[in-house]
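*Asks:* Given only the sequences and the hints, what does the whole structure look like? Please build it.
What follows is the residue order along each chain.
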Amino acid sequence: MSRLADRFEPGFEWLIRLSGWSAIFFVFCIFIFIFKEGGPYLWNELQYESVEKEYPAGGDAAAEVLPAVKLTELPYEVVEERLLEDLNEAGAEGRIEGFRDVRLEIGERVEVVVYLEPGTDPEKGLAQILEAHPLRQDSSHITEFFTGMEWKPESEKVRKFGIVKLLIGTLSVTFLAIFFAVPFSLGAAVYISEFCTGKVREVLKILIELLAAIPSVVWGFIGYTILNTTIMSVTGRDDGLNLLNGGIVLALMSAPIMVSLAEDALKAVPDSYREAALALGASRWQTVYKVLLPAAKNGILAAVLLGVGRAIGETMAVLMVTGHSLVIPGSLFDSVRTMTATIAAELGEAVRGGGHYRSLFLIGIVLMLITMTVNLIADLVVKGFRGREHA
Amino acid sequence: MPERIADDGVPKTSAEKAGVAAVAAEIVAKAIDEEEIDVPSTGQEKPTQGIFVATEATHRKERTERIARRLLLFGTLILVLPLLAIILNLVTKALPILSLDFIWKNPGSDMVSGGIWAPLIGTIYIVFFSLLIAAPVGIMAGIYLNEYAPNNWFTRIVSLGVVNLAGVPSIVHGLFGFGALVLFAGLGKSVLAASITIAIMTMPVLITSTREALAAVPMSFRQACWNMGATRWQTIRSVVLPNSVSGILTGVILEVSRAAGETAPILFTGAAYYFAVPDNGLAKIFPYAPDEQCMALSYHLYTLSKQVSNVPPELKYGTAVVLIGLVLAVNSVSIAARVYLRSRKKW
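Chains as they are written, first to last, in the numbering used here: chain A, 49 to 439; chain B, 186 to 532.
Don't take every hint at face value.
With a cut-off of at most 20 Å between alpha-carbon atoms, the simulated SDA-like pairs for lysine to any residue come out as follows [what the hints assert, rightly or not]: (1) B:Lys491 - A:Asn276; (2) A:Lys315 - B:Ala401; (3) A:Lys338 - A:Glu323; (4) B:Lys278 - A:Ser281; (5) B:Lys278 - A:Thr277; (6) B:Lys290 - B:Ala401.
Since the hints were derived computationally from the structure, they do not count as laboratory data.
*Replies:* Below, the structure is given as structure tokens:
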């Protein structure tokens, strides 16, 4: 058996190499694809271009016209649906016969057959319709995406995709969660690492680890049932799905990672520091407060940052417990809507290639960039800490 | 801490002891307190501890210590108690419905009756297929990155990318799965698309945990083996892998529990609201084809609590308890394995 394994050594080595490369390829596919789908927003305005008209030679009694509509970035279903709506709004009893092109790439032409009511002058009628009612516009310029206050993917006339409120929602829930979680997590980390030993420490560490393992949908369920009723009965409001609920749930979810990483950071402080402090007669708390916390502060900062990263990316729990209404929260009892929850709630309705779809992918890009920045900073903070340690 | 110093017990005679104690007490007081030291008068209630004189500063120090300890314990309990309270709460509310029958029965088509067999088997399907894809590729990629890849800028960038991707929110993976697999690759919402999505989500974590397990094998093991004339692959097969397989397996088990609990990535890639699974026969065990949607326990809990009205509460609580039980059981296996293996570690 082992002979056999040795004989195929080059084979195994190549299999391993191949796996390595393909895994790396898979992993980077995500970056590439998300940017590819959301990207056109970054370098392209997703607005309809003007309509080019071509009229066939033989327009007959039914006043058939064949305009060639040049559109950008819209799939077949969207064009058909919207053109119909626009025609109806213009009061034209229009009927769209069909499209010559089904899949559209940017700038590609689509030909639409429109029947107008008998007696309408085709040229005038069509020009009127299309000029008075340009196909419904997405206000989708990139600056508007980042500064726009409105998120209206279902709007009738002008759909708006501005993520400011979603960003504020995410940040407020995250901030609240970290505000709740940091004192308790640091306390727990210090307690586990410095104040207890043996069995107790093992048990506490395992419990914290199990806390980290509870799936987010279960946390959402807990917030939706237990916490919801608790908040309702304590505050006397008739809805407990709000910022506070989300903050508590997210705090409980992001605490375990902070505890275990902060504990690692404390453990990384050499024992000689503790011994020196104890030899000076410092009590344990004094050792922690004056020696260990300053020595481990970078590691602890990194732990908090990774907790922030986890809280920002959390989806199902916030979708279920924050109430999901699009407002800038003024109090703890306002409901908010986060970026992740928006993707989870709306991706199913978005048509591939449409403005809504691309906006959701752009939110994905923003999320990815935020979490990656947070992780990178945490990484650098720890590296700086380690580097000094070795020097 | 006075006892600590006394425990060292180097000085032999009482005179020496007194001398050391005096010096120690002075250092203690100075090190701790900026204020001036109160010399205790003999008439106070509890002025001495052993041979040491407890100053006011010492009392204050001990008081602070007690308060700090209590506060820290409080912080810890605030985090740990909810876990126990929640599990207790969920289990008591689910108790009326929890039985083998609940697990074995399919959900009714109205979603307000029956058991959880169809979602449970769907979750097992997704976990199995995703593991089938992610485990070999992820482990081999970990071996490649740790043992074969040259240490240059490209490898560093790859490692950085892998580590960062492990922190990317799961909904972004869902976005990728929906856009790339369901729509672009034309897999549609299916078990396959969901499994690949979960596999891609877990792969970075698997690569990282494999690398950690491999890196824990001391370099000297490899060097010894190379010096015997073994090739790189022989070294990996006969020395590195046997010494790290436990760590690798722990990582895989943890990924199983994560895959079982995730909802966001399968929301748009394969989770079905309802799927009619046959009530008996072989088709009950193997109900889903790879190109069909399937139910999943996590998504089932979401639909039961958010999208269907009039669901009897114990049905929801029962589903939640089974999901938590599944995930925690898998986690406990991994923890137990780790504790056992740590005790067996030879170096």
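*Asks:* Holds or violated: Lys278 (chain B) and Ser281 (chain A), Cα atoms, limit 20 Å.
*Replies:* Holds, at about 19 Å.
*Asks:* Checking one constraint from the list: CA of Lys315 (chain A) to CA of Ala401 (chain B), max 20 Å. Satisfied?
*Replies:* holds, 18 Å
*Asks:* Hint check: Lys491 (chain B) vs Asn276 (chain A), CA-CA at most 20 Å. Holds or violated?
*Replies:* Satisfied, since the Cα-Cα distance of roughly 13 Å is no more than 20 Å.
*Asks:* Mind checking the alpha carbons of Lys290 (chain B) and Ala401 (chain B) for me, to see if they're no more than 20 Å apart?
*Replies:* violated, 46 Å
*Asks:* Check whether the Cα positions of Lys278 (chain B) and Thr277 (chain A) lie no farther apart than 20 Å.
*Replies:* holds, 15 Å
*Asks:* For the pair supplied as a hint, Lys338 (chain A) and Glu323 (chain A), confirm whether the alpha-carbon distance does not exceed 20 Å.
*Replies:* Holds: Lys338 (chain A) and Glu323 (chain A) sit about 13 Å apart, inside 20 Å.
When held up to the earlier numbered hints, the structure conflicts with hint 6 and nothing else.
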